[in-house]
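Engineer: Convert by adding 20 to the 1-based position in the sequence shown; the result is the number in the numbering used here.
No lab work stands behind these hints: they were computed from the structure. One or more hints might be untrue.
[What the hints assert, rightly or not] When the alpha-carbon atoms are kept at most 25 Å apart in a straight line, the in silico DSS-like pairs for lysine-lysine are as follows:
1. K85 - K189
2. K85 - K277
3. K221 - K189
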Amino acid sequence: MGKAERLERRQERQIGETSSASQAMTPEEIQVDDEEASGVRVDRPLVPAMTAAETWNASELFQVKCFTARSLQDYEAAFRTLHDSYVCAGLCDPTASGMRVLPFHLWRETQVFSGRADQRRVATLSLVLDENHRLPMEEVFEDEVQRERETHELTAELSSFAVAPDFSKPRTEHLVAMTAAAVQFARWQGVDDLLATVHPKHVRIYRRIMGFQQIGEVAPHGGVMGRPAVPIAAPVNDIQAVHPRFLQWYFGNRILKEQVRRSYLSEKGYRYFRPFAFGGEDGRYRRPR
């Protein structure tokens with residue numbers, strides 16, 4: 021039995037053990053207490069896995085289904101969603117192309133995810149694997165990244181989460197649906213440490229859902245118009261770090277492996293998006309056939 025299979029079986033046993041420990045928690049009962057809000061690690065109550073009926077209800081609630089980007093259309097929709105969401109939130113200026121493409125989006129170690137609902141591409145998220153010892157957040161938090169890198173086998177950075185403004189405001193269920201796919205993908209790639217930079221007011225929800233902890237001080241981030249940002253980190257394989265309500269997403273079978281098989285931007289796609297990523301867009305570039 022391989023290492024990955026042993027880990028998967030151990031996680032299944034842990035979910036089963038968690039399932040027999042307490043009563044179910046409804047969405048209204050998911051609260052952040054004073055200790056958790058202050059940054060102190062809190063032992064959460066354990067709840068059973070969802071029943072078949074509850075799983076059906078969850079699928080109704082979590083209408084966004086996440087896949088790795090597989091086509092030029094997936095990538096373009098992701099970059100347009102990111103652009104529209106960030107412009108709407110005042111995090112970037114509008115571009116002539118209507119896309120927000122950053123250099124790291126074109127790295128081979130970056131996996132772009134596409135969230136779909138009702139046959140539409142409505143959300144996006146990127147995960148950058150630290151395979152070449154470079155992560156976008158190092159531009160601001162180099163020391164913090166290096167410390168994480170030295171104490172883990174493989175780190176990765178969550179970035180560029182966005183939901184199309186004409187679809188919905190970003191909600192907890194959108195964040196869970198997208199990040200759960202990225203976490204499952206990361207685990208299958210051998211990642212054991214997940215990093216991100218977020219606005220200080222968002223640390224609490226990342227802590228509550230996935231067990232992220234702040235690992236550095238607040239600093240202005242040039243990538244979002246100088247807004248404040250903090251670095252956070254979470255273990256990929258610690259089942260106790262995830263909120264009990266969302267165990268089936270991050271450790272169960274809510275995300276199919278086929279949904280998140282690794283994919284790469286084609287050379288044709290790279291040539292198409294490169295001008296937008298490096299400031300060379302002038303309206304002459306057309307989508308390749």
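Engineer: It remains to establish, for every hint, whether it holds in the given structure.
Structural biologist: Evaluated hints:
1. K85 - K189: 16 Å, holds
2. K85 - K277: Distance of about 13 Å is within 25 Å: holds.
3. K221 - K189: 17 Å, holds
Violated hints for the displayed structure: none, as all numbered hints are satisfied.
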